[in-house]
Amino acid sequence: MGGAAAAPALALLHEVVPHQGLHHALSGGQASAAGASTAGHPGHGGAGGGLAHASFAGGTVDHHANGFDPTEILRDFERGKTRRLASGRVLREFELVAHDKEIEVAPGVKFAAWTYNGRVPGPTLRCREGERLRIRFANGSAHPHTVHFHGIHPAHMDGVPGVGERSGGGLIEPGQSYAYEFDATPFGLHLYHCHVMPLESHISKGLYGAFVIDPRRGRPDADELVMVMNGFDTNFDASNEVYAVNTVGFHYMEEPVRVRRGELVRIYLVNVLEFDPVNSFHIHANFFHYYPTGTSLEPTELTDTVVQAQGQRGILELRFPEPGRYMFHAHVSEFAQLGWMGFFEVLA
Amino acid sequence: MEARAGTERPPPAARLPAWALGLIPLSLIAGTAALLALLGAPGLGDRTGPPVEELAVERTVLRPGEIELTVRNDGPDPVDVAQVVVNDAFVPFTASDGNRVGRLAATTLDITYPWIEGEAYEISMITSTGATIDHEIPVAAETPEQSSSFFALMALLGLYVGVIPVALGMLWLPFVRRIDQGWIRLLIAFTVGLLTVLGVDAALEGLEIGNAAPSAFGGQALVLLGALGSYLVLAGVDSYLSARSRASVPGAAAGGGAYLALLVAIGIGLHNLGEGLAIGSAYAVGALALGTFLVVGFALHNTTEGLAIVAPLAKGTPSLARLGALGLIAGAPAIPGAWIGFAAFNPSVAALLFGVGAGAIARVIWQLVPAMRDGRGRALHPGAVAALLAGMLALYLTGLVVPV
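Protein chains in written order, with my numbering: chain A, 1 to 348; chain B, 1 to 404.
These aren't lab readings, by the way, just hints derived from the structure by calculation.
Ideal Cβ placement from N, Cα and C applies to all residues, glycine included.
There could be a bad hint or two in this list.
[Unchecked claim] Derived Cβ-Cβ restraints for the label pairs, each shown as a range:
1. L35/B / D76/A: 50 to 60 angstroms
2. D77/B / G67/A: 49 to 59 angstroms
3. P174/A / L26/B: 46 to 56 angstroms
Construct the complete structure from the given sequences, taking the supplied hints into account.
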């Protein structure tokens with residue numbers, strides 16, 4: 001955390017802003033406390049100083065209209081329905097439906113999204129290594145889509161147009177449906193997304209989700225959180241206007257992620273960000289063990305910052321020794337300024 | 001004749017007075033428009049496609065820790081400014097008249113941002129549909145406060161760049177009165193050369209400003225309309241005055257030297273109004289380096305304008321008061337120009353004013369051309385062409401030292 005002393009702006013970035021005050025300041029359309037004080041900074045012939053973090057115009061996102069709340073997405077794992085096959089294996093079944101839906105990605109800013117099950121990111125599908133999986137996909141969108149899973153499976157179950165059409169897979173036209181069926185392997189943290197061309201728009205419009213395959217013996221008990229790093233190109237210029245974790249910019253600034261002091265916290269971190277080559281996750285005042293792709297039970301690194309390209313993912317494990325508010329954000333300052341920034345609230 | 005007299009019966013419409021005939025279509029048009037508006041243009045349905053969102057930034061004010069943008073909606077649909085991004089960061093802001101800007105309406109966005117002097121800023125307004133409207137601040141500098149001392153400063157500046165140089169240039173009058181007719185023609189041609197560059201300059205500057213102005217108010221078309229308007233008004237005034245002077249004082253042609261000098265002064269005055277506007281608005285955005293360089297540059301540049309005014313005055317003996325009035329007409333508009341440019345800069349008005357200046361200069365050139373003619377009636381005799389080019393070159397070269 002040596003960089004914190006670098007500049008006054010950075011110091012402000014690290015400063016803790018009272019939750020209520022921040023929320024009220026934002027909805028009142030006023031600068032937050034720190035922002036207002038710098039506004040009055042008597043710079044000679046200029047201004048200088050810094051803004052409080054997450055300082056943007058008033059209003060809050062209507063989660064009800066969106067149909068999902070980033071705070072709930074954190075701990076929402078879709079486990080599907082299971083039954084035992086004659087062979088003794090477990091068959092786990094999921095349902096995914098593609099819908100076109102307008103969502104609000106920052107207060108007042110609407111985005112015409114394409115969704116799985118009406119939410120962005122799509123449901124976090126969770127299963128156990130070795131199970132048989134059947135994912136029924138129905139396309140209720142006006143555009144053809146697929147579901148492409150990261151994992152090990154036969155070609156015709158890969159959700160790629162031009163492959164698997166003979167068995168009814170491949171491109172799934174509007175109104176059509178298909179059941180993807182394969183084994184849950186290897187264990188780890190994966191993802192799924194639409195694989196229709198133009199890929200860039202099918203992914204960036206919201207057709208993606210996290211896919212967790214637990215090891216046979218499971219992982220130690222923990223407070224588990226899903227964080228899908230994404231962004232939105234609201235003006236279609238092939239660059240993102242809003243960056244976020246779980247879709248809504250600055251959401252965890254206003255509603256910090258609540259965790260308990262000393263408890264093991266496990267974060268399933270997936271990067272699906274389109275248009276930018278890398279994304280990153282940085283935590284303040286703490287370090288985490290990092291398990292790339294979650295495919296090993298041994299961490300590779302103890303760090304406070306991890307970089308992921310699109311499609312990369314990994315599991316983070318950490319404990320917060322002291323109560324208080326701890327920031328987490330992309331250590332790509334631009335993304336942080338444009339929404340990818342939040343707080344953990346550690347309760348005693 | 002008999003046949004016509006026997007069948008003569010006015011058509012029914014002719015029984016109505018002429019003004020009523022003129023009024024009927026007008027009231028029908030108004031009625032139809034009202035009816036269509038009331039019924040919502042039946043049969044046409046709603047617009048297809050997403051809304052068209054356009055905002056033009058009319059004014060930018062920078063105060064410590066604060067950027068203020070006045071934006072006007074010049075598109076067909078209302079625009080909701082949902083978020084503002086400055087250099088890749090969401091920023092807090094308030095909108096004076098609400099975040100929704102109706103068609104042709106304006107709102108002022110007060111943005112909290114710790115800008116730094118001399119740096120560049122890209123401001124992006126994100127609308128409710130996710131579209132972005134960008135505005136660039138190439139070099140940030142604090143906007144001067146509007147106070148009486150500012151108005152005094154602008155008046156002084158106008159005096160320096162407008163009145164004094166023009167007055168200095170007019171000191172060539174004794175010289176002009178001593179040289180013979182052939183040289184006068186060349187001097188007039190030189191003047192036409194000067195004016196040509198001024199006119200081109202005004203038109204181009206107007207077009208540039210018009211490009212940034214809301215298209216709903218005409219944008220660049222305002223320059224052409226302004227030019228055409230001022231040309232026509234001056235032509236009308238000219239023909240009115242010449243008819244009157246011929247009637248009252250037989251022989252005193254409107255093309256006389258004093259009259260031409262007045263026209264030149266008006267044309268140059270309108271040009272200097274635009275020049276003042278440019279100075280005031282440049283000062284407002286901190287793009288104007290006040291000081292010796294500016295004043296010296298303008299002095300060189302505008303003394304040539306003084307020469308242009310006195311060139312037609314070779315004959316006759318104008319009084320000192322008249323000369324003073326001519327100098328003020330030509331130079332003083334720089335002062336109100338600078339005030340308007342700073343305090344109430346509006347790109348649409350500025351484009352129109354630059355157009356008015358260009359049109360006036362075009363008309364003045366038209367009036368001066370006869371005085372260029374040599375004994376054989378040629379306007380573009382070799383000497384005149386050389387003088388014309390020399391005039392253009394002189395203004396071009398002195399223009400190089402003007403830092404606006």
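Hint check results:
1. Checking the proposed 50 to 60 angstroms range against L35/B and D76/A shows it holds: the Cβ atoms sit about 56 angstroms from each other.
2. For the hinted restraint 49 to 59 angstroms between D77/B and G67/A, the CB-CB distance of approximately 27 angstroms leaves it violated.
3. Between P174/A and L26/B the Cβ separation comes to about 54 angstroms, which falls inside the hinted range of 46 to 56 angstroms.
Hint 2 from the earlier list is the only one contradicted by this structure; the remaining hints agree with it.
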